[in-house]
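Trainee: Take a look at the letters that make up each chain.
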Amino acid sequence: MVKVKRLVLDVLKPHQPGALEFCRQIAASGEGYRVCLKVDEVDENTQTLQLEICGEDLALESIERVIADMGASLHSIDLVEAHNPADAD
Amino acid sequence: MVKVKRLVLDVLKPHQPGALEFCRQIAASGEGYRVCLKVDEVDENTQTLQLEICGEDLALESIERVIADMGASLHSIDLVEAHNPADAD
Amino acid sequence: MVKVKRLVLDVLKPHQPGALEFCRQIAASGEGYRVCLKVDEVDENTQTLQLEICGEDLALESIERVIADMGASLHSIDLVEAHNPADAD
Amino acid sequence: MVKVKRLVLDVLKPHQPGALEFCRQIAASGEGYRVCLKVDEVDENTQTLQLEICGEDLALESIERVIADMGASLHSIDLVEAHNPADAD
Amino acid sequence: MVKVKRLVLDVLKPHQPGALEFCRQIAASGEGYRVCLKVDEVDENTQTLQLEICGEDLALESIERVIADMGASLHSIDLVEAHNPADAD
Amino acid sequence: MVKVKRLVLDVLKPHQPGALEFCRQIAASGEGYRVCLKVDEVDENTQTLQLEICGEDLALESIERVIADMGASLHSIDLVEAHNPADAD
Amino acid sequence: MVKVKRLVLDVLKPHQPGALEFCRQIAASGEGYRVCLKVDEVDENTQTLQLEICGEDLALESIERVIADMGASLHSIDLVEAHNPADAD
Numbered sequence: 001m002v003k004v005k006r007l008v009l010d011v012l013k014p015h016q017p018g019a020l021e022f023c024r025q026i027a028a029s030g031e032g033y034r035v036c037l038k039v040d041e042v043d044e045n046t047q048t049l050q051l052e053i054c055g056e057d058l059a060l061e062s063i064e065r066v067i068a069d070m071g072a073s074l075h076s077i078d079l080v081e082a083h084n085p086a087d088a089d
Numbered sequence: 001m002v003k004v005k006r007l008v009l010d011v012l013k014p015h016q017p018g019a020l021e022f023c024r025q026i027a028a029s030g031e032g033y034r035v036c037l038k039v040d041e042v043d044e045n046t047q048t049l050q051l052e053i054c055g056e057d058l059a060l061e062s063i064e065r066v067i068a069d070m071g072a073s074l075h076s077i078d079l080v081e082a083h084n085p086a087d088a089d
Numbered sequence: 001m002v003k004v005k006r007l008v009l010d011v012l013k014p015h016q017p018g019a020l021e022f023c024r025q026i027a028a029s030g031e032g033y034r035v036c037l038k039v040d041e042v043d044e045n046t047q048t049l050q051l052e053i054c055g056e057d058l059a060l061e062s063i064e065r066v067i068a069d070m071g072a073s074l075h076s077i078d079l080v081e082a083h084n085p086a087d088a089d
Numbered sequence: 001m002v003k004v005k006r007l008v009l010d011v012l013k014p015h016q017p018g019a020l021e022f023c024r025q026i027a028a029s030g031e032g033y034r035v036c037l038k039v040d041e042v043d044e045n046t047q048t049l050q051l052e053i054c055g056e057d058l059a060l061e062s063i064e065r066v067i068a069d070m071g072a073s074l075h076s077i078d079l080v081e082a083h084n085p086a087d088a089d
Numbered sequence: 001m002v003k004v005k006r007l008v009l010d011v012l013k014p015h016q017p018g019a020l021e022f023c024r025q026i027a028a029s030g031e032g033y034r035v036c037l038k039v040d041e042v043d044e045n046t047q048t049l050q051l052e053i054c055g056e057d058l059a060l061e062s063i064e065r066v067i068a069d070m071g072a073s074l075h076s077i078d079l080v081e082a083h084n085p086a087d088a089d
Numbered sequence: 001m002v003k004v005k006r007l008v009l010d011v012l013k014p015h016q017p018g019a020l021e022f023c024r025q026i027a028a029s030g031e032g033y034r035v036c037l038k039v040d041e042v043d044e045n046t047q048t049l050q051l052e053i054c055g056e057d058l059a060l061e062s063i064e065r066v067i068a069d070m071g072a073s074l075h076s077i078d079l080v081e082a083h084n085p086a087d088a089d
Numbered sequence: 001m002v003k004v005k006r007l008v009l010d011v012l013k014p015h016q017p018g019a020l021e022f023c024r025q026i027a028a029s030g031e032g033y034r035v036c037l038k039v040d041e042v043d044e045n046t047q048t049l050q051l052e053i054c055g056e057d058l059a060l061e062s063i064e065r066v067i068a069d070m071g072a073s074l075h076s077i078d079l080v081e082a083h084n085p086a087d088a089d
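Residue numbers (the UniProt record's numbering), protein chains in the order written: chain A, 1 to 89; chain B, 1 to 89; chain C, 1 to 89; chain D, 1 to 89; chain E, 1 to 89; chain F, 1 to 89; chain G, 1 to 89.
Don't read these hints as lab results, they were simulated from the structure. Quick caveat, the model's predicted, so the values are computed rather than measured. Idealized CB from N, CA, C, for every residue including glycine. Don't take every hint at face value.
Cut-off 20 Å, straight-line C-alpha distance, at most; resulting in silico cross-link-like pairs (DMTMM-like, lysine to aspartate or glutamate) [unchecked claim]:
| id | chain 1 | residue 1 | chain 2 | residue 2 |
| --- | --- | --- | --- | --- |
| 1 | G | K3 | G | D57 |
| 2 | G | K5 | F | E81 |
| 3 | G | K38 | F | D10 |
| 4 | B | K38 | A | E21 |
| 5 | A | K3 | A | E81 |
Here are the simulated distance ranges between beta carbons [to be verified]:
| id | chain 1 | residue 1 | chain 2 | residue 2 | range |
| --- | --- | --- | --- | --- | --- |
| 6 | C | H75 | D | P85 | 42 to 48 Å |
| 7 | A | E52 | C | L74 | 21 to 27 Å |
| 8 | C | D10 | B | S62 | 21 to 27 Å |
| 9 | E | E56 | D | A86 | 41 to 47 Å |
| 10 | C | H75 | F | D10 | 21 to 27 Å |
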């Protein structure tokens with residue numbers, strides 16, 4: 001079964017919640033998630049973030065839901081890494 | 001017997017399916033495949049992707065079929081890595 | 001439980017306390033903290049610092065308090081890294 | 001006895017055979033060969049390739065023959081690595 | 001207890017003592033110090049140095065004293081790294 | 001006793017012998033030699049090469065002789081690495 | 001006791017002795033010395049060299065003497081690395 005190992009997302013977020021809480025919530029959306037959030041740009045009302053998420057098998061739908069629940073929007077998926085482990089692995 | 005270990009492909013894809021599903025399908029096309037998809041450009045109707053695929057012995061034909069089945073087209077093969085294991089290996 | 005592993009902060013600080021004491025106080029605000037302070041700019045009254053803080057689980061609130069207690073201000077959060085350890089970890 | 005360990009060749013190839021088959025044939029020309037083919041340029045009739053070949057002891061003559069057999073031409077040898085193993089090695 | 005692990009200092013020094021003796025004296029100011037001195041600029045009367053000092057727990061005061069004793073001046077502190085070892089460490 | 005461990009030479013060579021044979025001959029001039037030859041420039045009659053030679057203790061004289069025997073000329077020595085092993089080594 | 005571990009020197013040398021002999025003599029000036037000589041510039045009468053010297057405890061005086069004995073001059077000391085080993089080391 002194919003597993004999604006890494007995602008890099010471009011996200012537009014309002015100032016609240018702050019970057020730390022936003023990152024915490026994304027990490028909380030999946031067991032074993034490791035999230036690195038970089039603030040690329042800050043405007044009057046929004047922040048443009050680059051989110052790199054790594055994990056055993058990432059669920060984009062739940063990540064998108066968490067992003068929307070915090071009033072932000074997924075601008076684009078920039079990178080996807082998927083592995084199809086051989087039976088022996 | 002020569003084995004194809006790594007391919008870097010330039011692919012033009014419609015917006016649907018999304019990058020994640022596209023990457024998942026390529027990975028699913030072969031046991032042990034590890035796929036890294038980068039979105040280089042996004043236009044009104046298409047996305048230009050760079051696909052790096054690694055594996056024990058990649059089958060380009062089935063990868064091309066999966067690409068075509070998803071309505072995308074293989075624009076060019078940018079890199080090929082092949083090994084001819086010595087009998088001792 | 002999600003843990004905050006790394007923060008990169010942009011801080012504006014008066015000349016006193018000096019960079020070393022400032023860094024020492026930030027490190028003292030949490031057990032196991034490792035702090036790297038870079039002085040990016042020096043003006044007549046202030047210094048612009050980049051603070052990279054690593055640790056087991058960083059508490060931004062207490063870091064912000066220490067910053068404020070020393071008369072400085074947190075200008076922006078540039079990077080947050082959070083991990084949600086799998087039960088097995 | 002001196003052994004040729006690595007070659008980087010600049011090759012001009014017609015569009016057929018494709019990059020993958022071309023790379024496979026070069027690898028097949030010697031036991032233990034590892035070949036990395038990069039497509040540097042594509043014109044109406046030809047592709048300019050950079051071929052990096054590694055192995056225990058590469059035979060340039062047979063590589064040149066395979067290149068010619070596929071209708072391509074060796075434009076230049078850019079890098080050669082040769083080792084003269086000490087008796088102790 | 002917080003320990004200062006690394007300092008990068010910008011120092012303005014007269015031509016005497018020479019760079020080697022200057023570096024030796026800074027290293028001698030603390031047990032276990034490792035000092036890397038780079039000469040960035042040389043003018044008629046002075047040299048601008050970058051001093052990187054690493055150690056178990058650096059004492060800036062004694063370093064500053066040694067700098068002053070040799071007729072030089074600490075122009076700025078560019079980087080400070082401090083660790084607050086967890087009890088388990 | 002001081003040993004010469006690495007040399008980088010700038011060499012001007014006629015088109016014949018070819019780069020591979022040239023590299024092979026340099027490697028053959030000393031037991032344990034590892035030679036990496038890069039072709040920097042190609043003119044109508046000559047090639048400008050960068051030769052990096054590594055070994056236990058390189059003999060420049062015999063390397064120069066081999067270069068001259070093949071009709072080429074040592075344009076310059078760009079890098080020399082020499083070690084004076086301590087008795088304990 | 002402080003030990004000088006690494007020096008980077010800018011040296012102006014006449015064409016004779018050649019770079020290899022020059023490097024050999026510097027290495028011979030101290031047990032365990034490892035010397036990397038880069039030729040940065042060549043003029044009609046002189047060569048500008050960068051000498052990187054590593055060792056257990058370098059003696060600049062004897063290095064300077066060897067440089068002078070070969071008719072060259074130490075233009076500048078660009079880098080000095082010194083360690084003050086802790087008693088436990």
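Trainee: Now tell me, hint by hint, if it's right for this structure.
Mentor: Each hint tested on the structure:
Proximity of G/K3 to G/D57 is assessed by CA-CA distance (about 5 Å); at most 20 Å being required, the pair is judged to hold. Taking the CA atoms of G/K5 and F/E81, the gap is near 17 Å; set against the 20 Å cutoff, the hint holds. A distance of roughly 13 Å separates the Cα atoms of G/K38 and F/D10; the hinted pair therefore holds under the 20 Å criterion. Between B/K38 and A/E21, the direct Cα distance comes to roughly 28 Å. Violation of the 20 Å bound is thereby established for this hinted pair.
About 9 Å separates the Cα atoms of A/K3 and A/E81, which keeps this hinted pair within 20 Å; it holds. The supplied range of 42 to 48 Å is broken by C/H75 and D/P85, whose beta-carbon atoms lie about 60 Å from each other. For the pair A/E52 and C/L74, the beta carbons lie near 23 Å from each other, so the given range of 21 to 27 Å is met. A hinted range of 21 to 27 Å for the beta carbons of C/D10 and B/S62 is inconsistent with their spacing of about 49 Å.
Checked against the hint of 41 to 47 Å, the C-beta distance between E/E56 and D/A86 comes to roughly 43 Å, which is consistent with it. The given range of 21 to 27 Å is broken by C/H75 and F/D10, whose C-beta atoms sit roughly 51 Å from each other.
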